[in-house]
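Participant: One letter stands for each residue in the lines below.
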Amino acid sequence: MSVPHDAGTPGGRFLHRLRGGLRLRHHKQVSCARPVERPVLPDVLIVPLQQHLGLPAQALVQAGDRVLKGQRLGEVDCSGGVSVHAPTSGTVRAIEHRPMSHPSGRSGPCVVIEPDGQDRWCEPSPVTDWQTREPRDLLDALCAAGVVGLGGAVFPTHQKASLGRVRGTRTLLLNGAECEPYISCDEMLMREEPHRVIDGARVLQRASGAEHVILAIEDQMGAVFDALQQAVGEATDIELVKVPAIYPEGGERQLIQVLTGQEVPADGLPADLGILVQNVGTAAAVADAVIRGRPLIERYVTVTGHGVAEPRNLLALIGTPVSHLVHHCGGYRDDADRLVVGGPMMGFSLRSDSEPVVKASNCLLVLSADDLRAPQPEMPCIRCGECARVCPAGLLPQQLQWQVRTGQWEAAADHHLRACIECGCCDFVCPSHIPLAAWFRHGKGQLKAQARERAAADHARERFDARAARLERQKQEKRERLAAKKKALRERSAAKKKTPVPNEEVRR
Amino acid sequence: MLIAVVTLLALGLLIGLGLGWAAVRFRVESDPVIDQIDAILPQTQCGQCGYPGCRPYAEAIASDEADINQCPPGGEAGIRALADLLGREPKPLNPENGEEQPTTVAVIDEQACIGCTLCIQACPVDAIVGAAKLMHTVIEQECTGCDLCLPPCPVDCIAMVIPDQDGTVWAWPEPGRPAAGGVQ
Ligand code: SF4
Ligand code: SF4
Ligand code: SF4
Chain E
12 MSVPHDAGTP
22 GGRFLHRLRG
32 GLRLRHHKQV
42 SCARPVERPV
52 LPDVLIVPLQ
62 QHLGLPAQAL
72 VQAGDRVLKG
82 QRLGEVDCSG
92 GVSVHAPTSG
102 TVRAIEHRPM
112 SHPSGRSGPC
122 VVIEPDGQDR
132 WCEPSPVTDW
142 QTREPRDLLD
152 ALCAAGVVGL
162 GGAVFPTHQK
172 ASLGRVRGTR
182 TLLLNGAECE
192 PYISCDEMLM
202 REEPHRVIDG
212 ARVLQRASGA
222 EHVILAIEDQ
232 MGAVFDALQQ
242 AVGEATDIEL
252 VKVPAIYPEG
262 GERQLIQVLT
272 GQEVPADGLP
282 ADLGILVQNV
292 GTAAAVADAV
302 IRGRPLIERY
312 VTVTGHGVAE
322 PRNLLALIGT
332 PVSHLVHHCG
342 GYRDDADRLV
352 VGGPMMGFSL
362 RSDSEPVVKA
372 SNCLLVLSAD
382 DLRAPQPEMP
392 CIRCGECARV
402 CPAGLLPQQL
412 QWQVRTGQWE
422 AAADHHLRAC
432 IECGCCDFVC
442 PSHIPLAAWF
452 RHGKGQLKAQ
462 ARERAAADHA
472 RERFDARAAR
482 LERQKQEKRE
492 RLAAKKKALR
502 ERSAAKKKTP
512 VPNEEVRR
Chain G
53 MLIAVVTLLA
63 LGLLIGLGLG
73 WAAVRFRVES
83 DPVIDQIDAI
93 LPQTQCGQCG
103 YPGCRPYAEA
113 IASDEADINQ
123 CPPGGEAGIR
133 ALADLLGREP
143 KPLNPENGEE
153 QPTTVAVIDE
163 QACIGCTLCI
173 QACPVDAIVG
183 AAKLMHTVIE
193 QECTGCDLCL
203 PPCPVDCIAM
213 VIPDQDGTVW
223 AWPEPGRPAA
233 GGVQ
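Those sequence lines, one after another, are chains E and G. Going by my numbering, the first residue of the first sequence is number 12, and it counts up by one from there. Going by my numbering, the first residue of the second sequence is number 53, and it counts up by one from there.
Please note that the accuracy of each hint is not assured.
Derived DEER-like restraints, expressed as beta-carbon distance ranges [unchecked claim]:
id: 1; chain 1: G; residue 1: Q163; chain 2: E; residue 2: T139; range: 32 to 42 angstroms
id: 2; chain 1: E; residue 1: G272; chain 2: G; residue 2: A211; range: 53 to 63 angstroms
id: 3; chain 1: E; residue 1: L493; chain 2: G; residue 2: V181; range: 42 to 52 angstroms
id: 4; chain 1: G; residue 1: A91; chain 2: E; residue 2: G75; range: 25 to 35 angstroms
id: 5; chain 1: E; residue 1: G220; chain 2: G; residue 2: A211; range: 28 to 38 angstroms
id: 6; chain 1: G; residue 1: P204; chain 2: E; residue 2: A495; range: 42 to 52 angstroms
id: 7; chain 1: E; residue 1: E488; chain 2: G; residue 2: R77; range: 30 to 40 angstroms
id: 8; chain 1: E; residue 1: L71; chain 2: G; residue 2: L137; range: 49 to 59 angstroms
Below, simulated SDA-like cross-link-like pairs (lysine to any residue); rule was C-alpha separation at most 20 angstroms, straight line [stated by the list, open to error]:
id: 9; chain 1: E; residue 1: K489; chain 2: G; residue 2: W222
id: 10; chain 1: E; residue 1: K455; chain 2: G; residue 2: W222
id: 11; chain 1: E; residue 1: K486; chain 2: E; residue 2: F475
The set of hints was computed from the structure by calculation and includes no laboratory data. The beta carbon of each residue, even a glycine, is placed where N, CA and C say it ideally should be.
Please model the complete structure; the sequences and the hints are all you need to start from.
Facilitator: In structure tokens, the structure reads:
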């Protein structure tokens with residue numbers, strides 16, 4: 012594989028066409044018009060101990076403890092997850108189960124902090140000589156600082172980067188192509204703090220061993236390009252690329268396809284192609300963690316939609332209740348109808364605005380009654396093929412939905428259900444209003460659950476067989492012992508019969 | 053004419069002998085159908101099917117001795133998979149064997165345990181550790197939830213619980229059926 016390298020000539024790269032996809036109205040201007048603000052401290056911060064993919068962190072503090080801003084609240088082994096930190100200084104009120112902005116509405120252990128209003132930092136621990144340090148040390152620093160993918164997947168960054176190290180990373184692809192409508196947090200970050208993003212790119216480059224960096228943004232982000240170009244300066248190994256604004260071009264696999272023409276195999280990873288993809292927000296967090304020694308305790312959040320008075324982007328502390336942010340943006344309008352975390356295509360409805368902002372929360376979308384398409388009755392599939400035409404993963408949704416509905420899991424897996432990225436394009440165009448993506452999300456979960464069950468069953472079979480073998484062996488040993496004893500007895504009695512004849516007479 | 057008949061007869065005899073020899077010489081010991089059936093069974097090893105474990109039940113199905121609807125832990129999905137494999141019609145679970153229930157794991161009340169070792173002997177997958185007169189405990193990852201350790205316990209200190217559902221196991225429900233979460 013070779014990635015044509017066009018540094019210094021922005022736009023010089025040949026772009027490949029995305030398969031499928033949709034041109035959606037992007038609705039981003041509404042939230043980009045106002046400058047980014049940092050809301051005042053809320054009365055309470057709710058910090059879930061699991062905000063990443065993997066194992067939950069174990070609490071290091073107790074109710075009543077005083078904590079400083081940036082102090083570690085929970086940790087877990089770096090192979091399983093990342094640490095969690097205090098977003099401000101204050102007192103730990105409780106460690107209890109609370110809803111934690113998860114699609115399931117599920118509760119989990121959260122550290123509840125009452126801020127003391129001083130916002131006092133603990134001692135930062137930057138890696139000052141990061142340019143010369145071993146990549147291993149940088150990855151450890153990322154784990155300790157709680158850095159995860161801020162594009163929404165919240166996969167621990169140090170794990171993803173080290174995966175690349177093992178297989179040899181050549182290209183670091185920074186993903187600033189925020190393609191879902193309404194969301195503009197990455198755009199505002201790149202506009203306001205381009206240097207943080209570029210610094211992060213350098214650290215990630217060092218940590219992953221990538222030779223060069225591609226930073227992809229959407230072609231409609233006008234001001235961003237200039238800001239980034241200034242931050243890049245004379246460097247020749249960072250290439251800025253504008254990609255057309257087609258949904259879901261910002262998907263990891265889709266972006267790689269557009270930029271390099273290569274397809275990541277359905278059961279493979281970008282690392283197989285020597286590419287490490289990171290979101291630009293993640294890069295900024297990486298810079299904070301390594302260069303400034305500050306853990307991930309805040310993020311850009313877009314608060315937008317027709318149901319909120321003043322849509323804008325906020326720099327919000329992790330753990331801030333959603334209601335506090337909406338309040339900062341002028342509160343709800345009268346016709347606010349639904350609160351969604353994430354975008355309109357892939358987001359999920361939040362049950363209550365008392366739930367906290369977590370590392371995964373890129374956007375709070377308040378939809379008005381007008382925005383919501385009145386739920387249309389579902390009709391049978393008419394096999395129009397529209398869904399297959401727009402599917403960026405090249406799947407046959409009409410076929411798959413039938414297989415998922417009727418529980419033909421093997422057939423669905425053979426038709427690459429696992430490759431579905433749940434983008435919702437098929438849903439969007441389906442004239443029969445079939446909730447295709449929702450079925451596929453469900454189906455993918457079922458496939459995973461089945462694989463888990465199979466693995467458990469195989470393990471149990473092994474244990475059962477081992478036990479059966481052991482019991483058999485013990486029985487055999489017992490039999491042998493018995494046989495040996497019997498033989499010994501027989502020999503002894505035989506010996507007695509022969510020799511002790513005179514004795515017997517004597518005894519008599 | 054005669055030559056042709058004789059030649060064909062001789063040929064048939066030869067091939068027959070060859071095949072007969074091959075059948076003996078290259079006999080496959082384990083019946084692959086049994087393996088395939090066993091691969092579908094959930095390996096809970098609970099004995100509810102009326103056989104002392106999943107493998108014996110698989111053998112019984114293969115020899116047409118048992119029906120395919122006798123395994124409660126496998127449930128409807130298991131029966132469907134068996135029906136698919138064997139080319140039969142799926143049928144509902146035989147209520148005589150029990151009901152399909154959520155997977156559980158055993159937990160020993162360690163205060164109450166008297167260390168009698170009876171549960172250790174009952175466990176089909178060696179998931180219980182402990183020694184005579186000492187407290188016993190269940191290794192959660194190894195437990196299949198077969199319930200076999202419950203009856204022998206003289207002080208009834210074992211309970212079956214639904215294991216902790218952490219976030220890693222959650223999955224989206226069917227659309228239109230918001231089981232656990234607010235589906236959009
Ligand atoms: S949701 Fe899945 S099947 Fe539907 S268009 Fe997106 S990738 Fe294709
Ligand atoms: S778009 Fe809808 S109606 Fe058309 S083929 Fe796909 S599932 Fe069927
Ligand atoms: S009933 Fe129990 S022992 Fe029988 S096949 Fe099913 S899981 Fe195995």
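Participant: Now look at each hint and say whether the structure bears it out.
Facilitator: So, going through the hints one by one against the coordinates:
1. G:Q163 <-> E:T139: 32 to 42 angstroms: Given range 32 to 42 angstroms: violated, Cβ gap about 54 angstroms.
2. E:G272 <-> G:A211: 53 to 63 angstroms: holds, 59 angstroms
3. E:L493 <-> G:V181: 42 to 52 angstroms: With Cβ atoms ~29 angstroms apart, the hint is violated.
4. G:A91 <-> E:G75: 25 to 35 angstroms: 54 angstroms Cβ-Cβ, so the 25 to 35 angstroms window is violated.
5. E:G220 <-> G:A211: 28 to 38 angstroms: Violated, since G220 of chain E and A211 of chain G (Cβ atoms, about 52 angstroms apart) do not stay within the stated range.
6. G:P204 <-> E:A495: 42 to 52 angstroms: violated, 32 angstroms
7. E:E488 <-> G:R77: 30 to 40 angstroms: holds, 35 angstroms
8. E:L71 <-> G:L137: 49 to 59 angstroms: holds, 51 angstroms
9. E:K489 <-> G:W222: Not OK: K489 of chain E and W222 of chain G at ~48 angstroms, beyond 20 angstroms, violated.
10. E:K455 <-> G:W222: The hint holds at about 12 angstroms.
11. E:K486 <-> E:F475: OK: K486 of chain E and F475 of chain E at ~16 angstroms, within 20 angstroms.
Of the numbered hints listed earlier, those contradicted by the structure are 1, 3, 4, 5, 6, 9.
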